[in-house]
Amino acid sequence: MCYAEKLLVSEQDQLSLMGTHVLKVEGIINRGGTTLAVELFGSDDASNFASDRNGRVRWDKAGVACPYSRKFE
Numbered sequence: 001m002c003y004a005e006k007l008l009v010s011e012q013d014q015l016s017l018m019g020t021h022v023l024k025v026e027g028i029i030n031r032g033g034t035t036l037a038v039e040l041f042g043s044d045d046a047s048n049f050a051s052d053r054n055g056r057v058r059w060d061k062a063g064v065a066c067p068y069s070r071k072f073e
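In this note's numbering, the protein residues as written are 1 to 73.
A portion of the hints provided could be inaccurate.
[Stated by the list, open to error] Pairwise CB distance ranges (calculated): (1) L8 / S43: 19 to 25 Å; (2) G55 / L15: 15 to 21 Å; (3) I28 / N48: 21 to 27 Å; (4) E5 / T34: 16 to 22 Å; (5) N54 / G32: 28 to 34 Å; (6) R53 / R31: 29 to 35 Å; (7) D52 / E11: 28 to 34 Å; (8) Q14 / S51: 19 to 25 Å; (9) E5 / G33: 18 to 24 Å; (10) A50 / L15: 16 to 22 Å; (11) N48 / Q12: 29 to 35 Å; (12) D44 / Q12: 30 to 36 Å; (13) A37 / E5: 17 to 23 Å; (14) L8 / F49: 30 to 36 Å.
Just so you know, the hints here were simulated from the structure itself, not pulled from any lab data.
The beta carbon of each residue, even a glycine, is placed where N, CA and C say it ideally should be.
Starting from the given sequences, assemble the full structure and let the hints guide the process.
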């Protein structure tokens, strides 16, 4: 399992690049005083991006089915 800490600096209405991970743990802390939105997508059987596939995410230690293109705010 991978763990990452990173600093993301974004301007208002800026979109960030997409990334792909089969399994990843990442704590997200929003210190900007605004809403952070994260959009999740699934992958196909070869682990390639698939905008029409669901994924699975652990949210506060509970497994949650993630419908494709779901935005977490």
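What are the numbers of the hints the structure violates, in ascending order?
14
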